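Peer 1: Please model the complete structure; the sequences and the hints are all you need to start from.
Note that this note's numbering has the sequence shown beginning at 10, numbered continuously upward.
Keep in mind that the hints were calculated from the coordinates and are not lab data. The structure displayed is predicted, hence computed values, not measured ones. All C-beta atoms in this analysis are idealised placements derived from N, C-alpha and C, irrespective of residue type, glycine included. A hint or two may mislead.
Said to hold, decoys possible - So the derived label-pair ranges between C-beta atoms look like this:
(1) P115 / A158: 18 to 28 Å
(2) R111 / L51: 18 to 28 Å
(3) A196 / W85: 38 to 48 Å
(4) A17 / A181: 24 to 34 Å
(5) L188 / G129: 19 to 29 Å
(6) P192 / V16: 39 to 49 Å
(7) G154 / E66: 44 to 54 Å
(8) E78 / L188: 23 to 33 Å
(9) G160 / A133: 37 to 47 Å
(10) E164 / E66: 38 to 48 Å
(11) D136 / C197: 26 to 36 Å
To be verified - Capping the alpha-carbon separation at 27 Å, the derived lysine-lysine pairs in DSSO-like fashion look like this:
(12) K36 / K65
(13) K55 / K36
(14) K55 / K65
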Amino acid sequence: MSPRKSVAEAMGTRAAILDRSVAVASKEGLEGLTIGRLAAELGMSKSGVLGHFGSKEALQLAALGRAGEVFRAEVWEPVVAVAPGLPRLRALCAAWVSYLERQVFPGGCFFVAAAHEFDGRPGAVRDAVESLFDAWRARLLKEIGRAVAAGELPESTDQAGLAFELTGLAMALNHAIQLHRDPEAAACARRAFAARLGDPAKAGGDHP
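Peer 2: Shown next as structure tokens:
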């Protein structure tokens, strides 16, 4: 076996472990990840799984990183080409609703679940979850700030408050889908986002 093939196979195995870890953690939490379980489900030895990560915590952190890649691909990358400011903010919220509505992760929003699981537990995993939320809040604030600077949102907009509201709407949608199995939840969320950010069909109309 050539070194190049060996490296490619190792990367493929690691990716398979991470994809399975994300699927399990989405439903059962990051604490539901065990080396033994993953080894059994993937037809590997425990040492084979452990060799890719070294510890359960390292596996949890890697699963968070993989989930972050999926979220970016689903919510951020589709809107990169949209004009910055309010148009991109609206597109981000639409992609966010779609991501939750389609249940990209089997157990709902991976990060909401991880936050509930680790928010009161100091350590590297909690810090990583907080960092991911902080990065997303910074993204929302950047687009809100651009919208205000462009006159697309009122100068008096409480920018931090608006980011807080948009995050709250998404979390409420996740709750309605996962706990209540509400078939109207996504439509309700879209109306709420539109009410807060204005109707994109009303170009040049009233500000929200």
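Peer 1: Hints first: check each against the structure and report whether it holds.
Peer 2: Structure-based check of all given hints:
1. Against the hinted window of 18 to 28 Å, the Cβ-Cβ separation of P115 and A158 comes to about 40 Å, which falls outside the hint.
2. The hinted window of 18 to 28 Å between R111 and L51 holds, with their beta carbons roughly 26 Å apart.
3. The supplied range of 38 to 48 Å is broken by A196 and W85, whose beta-carbon atoms lie about 23 Å from each other.
4. With their beta carbons about 43 Å apart, A17 and A181 fall outside the hinted range of 24 to 34 Å.
5. The given range of 19 to 29 Å is respected by L188 and G129, whose C-beta atoms sit roughly 20 Å from each other.
6. Between P192 and V16 the C-beta distance comes to about 47 Å, which sits within the given range of 39 to 49 Å.
7. Distance hint check: the CB atoms of G154 and E66 are about 36 Å apart, inconsistent with the given range 44 to 54 Å.
8. Checked against the given bound of 23 to 33 Å, the beta carbons of E78 and L188, roughly 27 Å apart, stay inside it.
9. Evaluation of the 37 to 47 Å hint for G160 and A133 yields a pass: the beta carbon distance comes to about 43 Å.
10. Judged by the Cβ atoms, the range 38 to 48 Å given for E164 and E66 holds: they are separated by roughly 46 Å.
11. In this structure the hint that D136 and C197 lie 26 to 36 Å apart at CB holds, the actual value being about 34 Å.
12. Using a Cα cut-off of 27 Å, the hinted pair K36 and K65 holds, with the two alpha carbons roughly 17 Å apart.
13. About 22 Å separates the Cα atoms of K55 and K36, which keeps this hinted pair within 27 Å; it holds.
14. At most 27 Å may separate the alpha-carbon atoms for a hinted pair to count; K55 and K65 meet this at roughly 12 Å.
The structure fails to meet hints 1, 3, 4, 7 from the earlier list, while all remaining hints are met.
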